[in-house]
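Trainee: Next come the chains, spelled out residue by residue.
Protein chains: 4
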Amino acid sequence: MSYQFQKMPEEKVFKDPVHRYIHVRDQLIWDLIKTKEFQRLRRIKQLGTLYLSFHSAEHSRFNHSLGVYEIVRRMIDEVFYGRPAWNDEDRPLALCAALLHDLGHGPFSHCFEKIFGTDHEEYTQAIITGDTEVNAVLSRVHPNFPEEVAEVINKTHPNKLVISMISSQIDADRMDYLQRDAYYTGVSYGSFDMERILRLMRPTENEVMIKESGMHAVEDYLMSRYQMYWQVYFHPVSRGGEVLLNRCFKRVKVLYEAGYEFKSLPTYLLPFFTGNVSVKDYLRLDETVVFYYLQEWMEEDDTILSDLSSRFVNRDLFKYLPFDGSIITIGELTELFERAGIDPEYYFVSDSFSDLPYDYDRPGSNNNRKPIHLLTRSGRVKEISTQSVIISSITGVNRMDYKLYYPKELILNIKDLEVKGAIINLLNELN
Amino acid sequence: MSYQFQKMPEEKVFKDPVHRYIHVRDQLIWDLIKTKEFQRLRRIKQLGTLYLSFHSAEHSRFNHSLGVYEIVRRMIDEVFYGRPAWNDEDRPLALCAALLHDLGHGPFSHCFEKIFGTDHEEYTQAIITGDTEVNAVLSRVHPNFPEEVAEVINKTHPNKLVISMISSQIDADRMDYLQRDAYYTGVSYGSFDMERILRLMRPTENEVMIKESGMHAVEDYLMSRYQMYWQVYFHPVSRGGEVLLNRCFKRVKVLYEAGYEFKSLPTYLLPFFTGNVSVKDYLRLDETVVFYYLQEWMEEDDTILSDLSSRFVNRDLFKYLPFDGSIITIGELTELFERAGIDPEYYFVSDSFSDLPYDYDRPGSNNNRKPIHLLTRSGRVKEISTQSVIISSITGVNRMDYKLYYPKELILNIKDLEVKGAIINLLNELN
Amino acid sequence: MSYQFQKMPEEKVFKDPVHRYIHVRDQLIWDLIKTKEFQRLRRIKQLGTLYLSFHSAEHSRFNHSLGVYEIVRRMIDEVFYGRPAWNDEDRPLALCAALLHDLGHGPFSHCFEKIFGTDHEEYTQAIITGDTEVNAVLSRVHPNFPEEVAEVINKTHPNKLVISMISSQIDADRMDYLQRDAYYTGVSYGSFDMERILRLMRPTENEVMIKESGMHAVEDYLMSRYQMYWQVYFHPVSRGGEVLLNRCFKRVKVLYEAGYEFKSLPTYLLPFFTGNVSVKDYLRLDETVVFYYLQEWMEEDDTILSDLSSRFVNRDLFKYLPFDGSIITIGELTELFERAGIDPEYYFVSDSFSDLPYDYDRPGSNNNRKPIHLLTRSGRVKEISTQSVIISSITGVNRMDYKLYYPKELILNIKDLEVKGAIINLLNELN
Amino acid sequence: MSYQFQKMPEEKVFKDPVHRYIHVRDQLIWDLIKTKEFQRLRRIKQLGTLYLSFHSAEHSRFNHSLGVYEIVRRMIDEVFYGRPAWNDEDRPLALCAALLHDLGHGPFSHCFEKIFGTDHEEYTQAIITGDTEVNAVLSRVHPNFPEEVAEVINKTHPNKLVISMISSQIDADRMDYLQRDAYYTGVSYGSFDMERILRLMRPTENEVMIKESGMHAVEDYLMSRYQMYWQVYFHPVSRGGEVLLNRCFKRVKVLYEAGYEFKSLPTYLLPFFTGNVSVKDYLRLDETVVFYYLQEWMEEDDTILSDLSSRFVNRDLFKYLPFDGSIITIGELTELFERAGIDPEYYFVSDSFSDLPYDYDRPGSNNNRKPIHLLTRSGRVKEISTQSVIISSITGVNRMDYKLYYPKELILNIKDLEVKGAIINLLNELN
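Protein chains in written order, with UniProt numbering: chain A, 1 to 431; chain B, 1 to 431; chain C, 1 to 431; chain D, 1 to 431.
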């Protein structure tokens, strides 16, 4: 039998707290899991700095990737198999894309990418199609197969149905991470009835639809997603950790560019300073490496770098205040910080975040998201927000939030009492 | 109010998946959690290499330490408070010892300590009584207080009751880790009725006893413990990871002592090579640092070091076989490995482990464990194994298990066919 | 110490799957639980006919009543105690009202009350203030105390804060039943973070408010409630059971009034036929009695009564169809059923149900519900729908649903082919 | 396709809190569930009087029967299918036997059968092979099929493998009830890793074996069973309920035989008084009927009957004391009760219970239980207690427990102070 359909003599299972067990019978999947690029995902946390507000959120992307694979496997084997719109020849493609969809994530992607201009989606593609163990395994299926898998992940593949299984507004990726992140943080918000949604999914030519009787279950899923964003993912304390780490990276880059002489050179980061990053360079980076450098930087002579990295490592975070996003406020405070001798570039950060829980491409919307479609018994198709007042209430509603971050003690220590008073007054007005 | 009884204006809580919430109202506890030595526990996994067999076991000792604190806090505030044998003046001592009991753990303690001769219990004491942030906080209670906390942890303190809350055969430490490790691995074995055990705990002069009606609940707890050891903690795959890591450390030490010139010197390890380790040196080490070095070693010219570290990082583990522990078998195989040109020092490892689920100091026993005592309604005290045939069946029964670890492919590649055949035959006999 | 504050020497606990344990320390509460009127609640299911669609929903009102008590106890002892707006003298009043709030429920209240004109709220009051064991226990507190408890339950008591703990849009009653009914049915919809809501509840002069930071948790709670109504409580299959039972009661009443001679007289129901029901008569009725009569009615000569009761007992339910609520449709079908010789009074039932998930008394609203109020740090009060687009989207939105119920086989057996065809056509149009 | 393999066009599911969903695709199973004999199981509690000590244990045998079916279905479809020792032609037989194994249970079987001499196993057979709806459905498979199903249930069928799936020391029946009863009571003892046991079950010619690697999981399962017996099923309070109910039945029978004139004759019980019970008579009895009669008996003139039934209905249970089972004690107390004018036949009950958690037919054992067999990789078979010290410690160990039940207040009210004192002294000695 050809490699992509080859079964191992006995099924292997991974004990998993979210899905009970993850079942692997395909040799192809087993081989992919064993590659060093996939194993590297164990050294990258699924939720970056979130452990700073939810101490138990320490799980890795390895963890989550297995979960997405398992959901796609169940979709296919328990629901899609045998239905006219599903071609079981696409099973290996769907499973591989599910397993590998996060392969290009780096350490603390959100802050890292902003400073070094890398893009984890591009690197996912580069790792899959480059000179890697993953590529060698996938190529055994067919020389074009790695490219195909990459195309599914970056959504350019012609098979829209398979794409929608892995990236859409109700896909295996989200269904896994909502439940998984809820499990590890210990919150109840991420719970929804995945079993019911799976049972009611129907493959169609271009997308996965949900049987109309599943409308309330989808509603509940979208609410879970909404709650997880505002109650967990956007927690201001862990955003404060990101802010700090971002300033660390920025400082180190600035110092490097200015010719600063490091006591200990962060070797693995050098390609990122120069912007000439090979796949191999990229893969060498993970969160253990970043943490090692952070601990080295704590000993550097540059006081900004050593202060920021020490703050991050020891969780001595900035204080935060909500504000209305006004540029005037930022401007005034920036000036006052400068007058006080506190570099606002590193010690005064305004951070905004926003969430659009559900939307779709329609007149007036600024996005190309695909709608969630319900399928009636008679075969009609309905966009879900037309069926639910609750979903309708959040459709296209982009909610923004703004926070200011700054180190409280530095302000309390300002010598110039007039400046100090002005800063404190302005901040008090915000609170 | 004196510092050790000072309450914060509002209770702080940590969301915790095992205990729902961890409640902190004491300023002293809050200050300890914020110290960098306590924060460092976030960078040390609770279960070392266990993630190699249970992928979701990625939680840290920080996590567990908060849990032990919470259980002791509940013991005191919900059960002991107001009972004659409990003196609430000991509350700060018990809480601090609970929180800090694992403070001296290093990265992958089990393998690390064997090679470098460090001892995490000694370092717990050293950190608490040395020049650290933790010491500064504890000293605010009383100059002697750090010493007292350390004495509770190393079991030399005169207050045996407080010691038994944190280290005995049914203590807060075990009750937390059994449940926590079960939660993160996703197994069901760690479940027992802690709520019932807590309700039935009674402080007495020298130890915590359990009301007689809790006998079955304790039985169930001991069975959970037993199952966790054999089904989870002793999993041969993760033991294989330990074996590999142990050999990495060994090789690096051997190379250093032999004057090998490292491409990149593992600076933070140097004090451990020379055996002259300060508290500061010790604290600098965590699992991110070890992982960084492992990745550096993958690039070293020494093929044994680069092979072993690469195997560990990329989870390319040795194969294992059960055997009967016989020295003859080991001897024969060692010789054959040598003849095949595979260094048995690094590539042929026999590993044994054993567990004694419950025992106590009595004629014929070789240990000084304190028994679990049941307390009858009329005030009599009974050792638990006299009341339960199940506990009796495991009391003092030390179960051993032996495994041989070796790299399968290296054996398959042996050129000398006679030697190769002899090795394979011997291994097959074991299986 | 006076009776209402008297503690038992040792706390009693009930193992409860929802709250882990229910804790009783007050003699008063213990005495109430032992009364026969409270024990009677074991013979009345919490969810009536819902077991016909969710087979595992077999729990009793006894169960739920203990749960509501436990939540109120925790509110008081863990959150309210010591806060200025809370007077701990009101504790017994709040606990008793919580425990007894459902005392007057009868068997299958919803269908029963429609036919026999009884009202469970009136009977709750009558039982509490009448010649009962519950009354005797409450009177030991104070001769007026039963009256006071009844006033809290029927919301006429001057203490609005205590009333809002037990009946408001976010009260102990709902918080218990959402979680409990979810637990027994096995659905995930009823989950919300009660621990967080409890921690953020604040007693004020006239009501319980929620700290502003709990806004998302309340949102989640309201969504749980909404989902439970549409996914569980309104399940059309169990509504079909209610429809049948309602027609059974109706038939039996019609027969009695027409002088029909029962083979076996339903003695306990006689007072309900004549409308002259004493508290003692009322208490004699429970679901075991109703089921006994149903089984007797299966043997009666009246074919309608024997058919309907047999259908209910053996779960041979009517078929249902959604429709738009139009009176014309009902009229046409009623006439056709009559022509076909099927009595539409019993065999053709239109049923409507509606839910208003959240609302409050305001211009244009037709209800006197009290709003859910958020309390800001600075002490301002905000109505919750002004803070949440999701809650706003369901505020005041009364959703209706209509179903037609009829026995499929009877229609298939209609002799007059023209009438049969006309009925089938009309029903098909609805579908 | 023949009826026994006929699939419905769409799978039906039952939401179940223990197994998430119960899946039915076979028309045969669906038809059986709809029969009135199977629906009757909704009116019989799985755990009889256990709700008197665990208030939430109110679930029915209907509930459990679906669960056993689901486990057998999963065994077959997920594990056995395709293995040489499994013949898929036996699937309908196994599924039907699983679903129907408890069909003959009556109300509160344990006490009822002792008085009226009925046997639920005989009635299971009688219902399956008699003139019933269940029989009609089963006969559609083959005229002999009902008989075959009954033979599997009563263990006389030649297919020992199928029998062992449903009744052995590790069967679907026990695996369901341990988990289900734990779920409903809210205790943690019933948890074990069923998923792992299922995965490791292997069909062999005459029985289901477990792969050797599942030894610890079976150990854990046997411990769960052991704990459930001693912590839940044998709870002395609910045994006290059984004792009362038993005495009610006894009294009513004695009265009937003595020609007592009942105010209201318990019609459905008459055949049981005379011992001439048809299947139809038997099926008419359920717990709602028994409860109706109990409420009628509360009004009878016979003070013993009215007192006992009123005590049971209102949960005014006897007090209990442990004792050593000595006949002398019982004799002395019986005589004293008589002298005090309290009829010991009804008001002084000694009750014993015992459990043998695991055993098998071997020299010296008095039972014909089949051992649990482990299957090694090389195909050898090992009896489990030879592999586990824990199981070995409970093998063949029959643990007994004795309780005395009596009404405390009656004793306190004894007029003859000498007799009263003697009774109280004797009871105190026991305590």
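Don't read these hints as lab results, they were simulated from the structure. All figures in this text were calculated on a predicted structure; none of them were measured in a lab. Ideal Cβ positions, reconstructed from N, Cα and C, are used throughout, including at glycine. Please note that a few of the clues may not be correct.
[To be verified] Straight line, CA to CA, 25 Å or less: simulated BS3-like cross-link-like pairs of lysine-lysine:
hint : chain 1 : residue 1 : chain 2 : residue 2
1    : D       : LYS7      : A       : LYS211
2    : B       : LYS319    : A       : LYS36
3    : A       : LYS250    : B       : LYS36
4    : D       : LYS408    : A       : LYS7
5    : A       : LYS7      : B       : LYS319
6    : D       : LYS155    : A       : LYS211
7    : A       : LYS36     : B       : LYS36
8    : D       : LYS12     : C       : LYS7
9    : A       : LYS12     : D       : LYS408
[As the list claims (entries may be wrong)] Far from chain D by the CB rule (all over 12 Å, computed), these chain C residues:
hint : residue
10   : THR35
11   : GLY259
12   : THR274
13   : GLU296
Trainee: State for each hint whether it applies.
Mentor: Going down the list of hints, with the structure as the test:
no.: 1; hint: LYS7(D) <-> LYS211(A); verdict: holds (21 Å)
no.: 2; hint: LYS319(B) <-> LYS36(A); verdict: holds (18 Å)
no.: 3; hint: LYS250(A) <-> LYS36(B); verdict: holds (24 Å)
no.: 4; hint: LYS408(D) <-> LYS7(A); verdict: violated (69 Å)
no.: 5; hint: LYS7(A) <-> LYS319(B); verdict: holds (22 Å)
no.: 6; hint: LYS155(D) <-> LYS211(A); verdict: violated (45 Å)
no.: 7; hint: LYS36(A) <-> LYS36(B); verdict: violated (33 Å)
no.: 8; hint: LYS12(D) <-> LYS7(C); verdict: violated (52 Å)
no.: 9; hint: LYS12(A) <-> LYS408(D); verdict: violated (61 Å)
no.: 10; hint: THR35; verdict: violated (8 Å)
no.: 11; hint: GLY259; verdict: holds (23 Å)
no.: 12; hint: THR274; verdict: holds (20 Å)
no.: 13; hint: GLU296; verdict: violated (9 Å)
Against the hints set out earlier in the document, violations occur for numbers 4, 6, 7, 8, 9, 10, 13.
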